[in-house]
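Q: Chain residues, written in single-letter form:
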Amino acid sequence: MFPPPPDHPLSQAEIIALEADHYHSFVNLALFLSVFTGMEIVVIFTPSPGWFIMTTLITLSLIKFICVILWFMHLIYDPPLLFIVFIAGMILAAGTMTALLRLMSAADVDPAVTNPSGFNYSVPPGQTALV
Amino acid sequence: MSDAASITHDDLGGHGNADAHVEHPTSTGISNKKLLMWLFLASDCMFFGTLISTHLVYRKVYPYGAITKGIVDVTNTFDIELTSFSTFILLMSSFLMALAVSAMHKGQLKSFRRATIGVMFFGLIFLGCQVYEFTNFFDGRAEYTFSVKTPPTAKFPNGEVISSTYHGSSDVVRAQAHLAVALVEEHPDWLTIPAPKPGEPVEKTEGVAPTVLADKHPSWVVAQFKQTKVERASLSLQNSVFGSTFFMMTGTHGCHVAGGVLWLAALFFYSYSGRMEKNMHGAALDVEVAGLYWHFVDIVWIVIFTAVYLVEYIPGYGPGP
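Note that the protein sequences, when read in sequence, are chains A and B. Each residue of the first sequence is one higher than the one before, counting from 1 in the working numbering. Each residue of the second sequence is one higher than the one before, counting from 1001 in the working numbering.
Hint data in this document are derived by calculation from the structure and do not stem from the laboratory. Quick reminder that beta carbons are idealized off the backbone N, C-alpha and C, glycines included. Take the hints with a grain of salt, since some may be wrong.
[Said to hold, decoys possible] On the chain A side, residues computed to face chain B include the following (Cβ under 10 Å):
1) Q12
2) A20
3) S61
4) H74
5) T96
[To be verified] Stretch by stretch, here's where chain B covers chain A in the computed footprint (C-beta under 8 Å, at least three residues):
6) 23-35
7) 40-50
8) 82-92
All chains should be built: construct the whole structure from the sequences, respecting the hints.
A: Okay, here's the thing in structure tokens:
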């Protein structure tokens, strides 16, 4: 990961050879992404426990996510600074999401819990909430 | 750290050669365009992170803000086959984008154009699937029974009342409007019924004003229009919190995809201007930056597909208290 930059400007022939290597990586990755997507769809219909399916989905999504970032977005071939910049944003995003999910729950937004006076928020089926 | 005396691989946006147009050296050794695009993507991560987490917080609060009032199975609304297809399409567009960037680095303009056309085509397919999907989500599907009084005939001098069933939008007003159009198309001769005189009573429907049909023909109304079964609940920005967060998130993503398609179209037409050949490395950097944006849009969809669509099908994580 993060190969050191060459000490001389690359010639056109070197660039073409480098890109040929990248091409094979891209094709392999595209095949893997298709297979992983298929696996995600199949696994949700298997008679497995919910925790197993959830873990599998998160793992497969994470693998797909990392593969696209590293190879398609060239992060593996680029200087480490770009990796740090993106990861910093990812960490902030993950932290924000975790905080939101921990701080807010369905119970916090369910009027049946937050509104003991029983004001009727529900709308009869077949009609929109806005009158 | 690079300086003006030693322009290397990184300074020229990833690849360089002795004949390249030399860009201004940067203190980071990375092209400013590329660095700023990565910074933008890092900030966009947070943007989508908040949208997705808001949806995850509110997804159980469906349909009308009261979790204990009844949850409609949203898996009945989603069409996972179509969404899987559009996910596959977006992944393949990402592959083609990588090929387009690679072609530009090699200086192969024709290959770049072919790959870019492919990316735009797949992007438009994805957007088309989204539009079709959202239209179906918005409409929903319900079964109705109705009756119509036909014009006088030789057999029935006062007309006859025909009862039938109709499958249409789960929104009653919209369903009746669509029924009116369908009936007019199927029975154009019914429009020959003379209009009632002023003050003459018109047979009323139950619970729904016959405004749409009255526009078509005042005396020809659909009576007893009643919803008997909701097969697929309508999902909209207004009728549920789930719908509101869902459409905000996927709509924002769709706008990003649309913006990406326009960007690639601009690059595609720009490639015919002759300016790209004069500065291939600058052009390669521009295409690479566009590629970063497109790949980001793809990875966001990877997260949305899993966290929004697939999670609803997991036992214990789906709808329900």
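Q: Against each hint, give a clear statement of whether it holds in the structure.
A: Hints, one by one, checked against the model:
The beta carbon of A:Q12 comes within 6 Å of a beta carbon in chain B, closer than 10 Å, and the hint placing it at the interface holds. Evaluation of the A:A20 hint against chain B yields a held restraint, the C-beta minimum of about 9 Å falling below 10 Å. Against a cut-off of 10 Å between C-beta atoms, the interface hint on A:S61 holds, since the closest Cβ of chain B lies about 4 Å away. Nearest Cβ of chain B to the Cβ of A:H74: about 7 Å, under the 10 Å cut. The hint holds.
For A:T96, the shortest C-beta to C-beta distance to chain B is roughly 5 Å, which falls under 10 Å, so the interface hint holds. Using a Cβ-Cβ cut-off of 8 Å, 7 residues of the segment 23-35 of chain A lie near chain B, which meets the minimum of three, so the contact claim holds. Counting residues of the segment 40-50 of chain A whose CB lies closer than 8 Å to any CB of chain B gives 6, which reaches the minimum of 3, so the coverage claim holds. For the segment 82-92 of chain A, the proposed coverage by chain B is satisfied: 7 residues have a C-beta within less than 8 Å of a C-beta in that chain, meeting the threshold of three.
The structure is consistent with each of the numbered hints, conforming to all of them.
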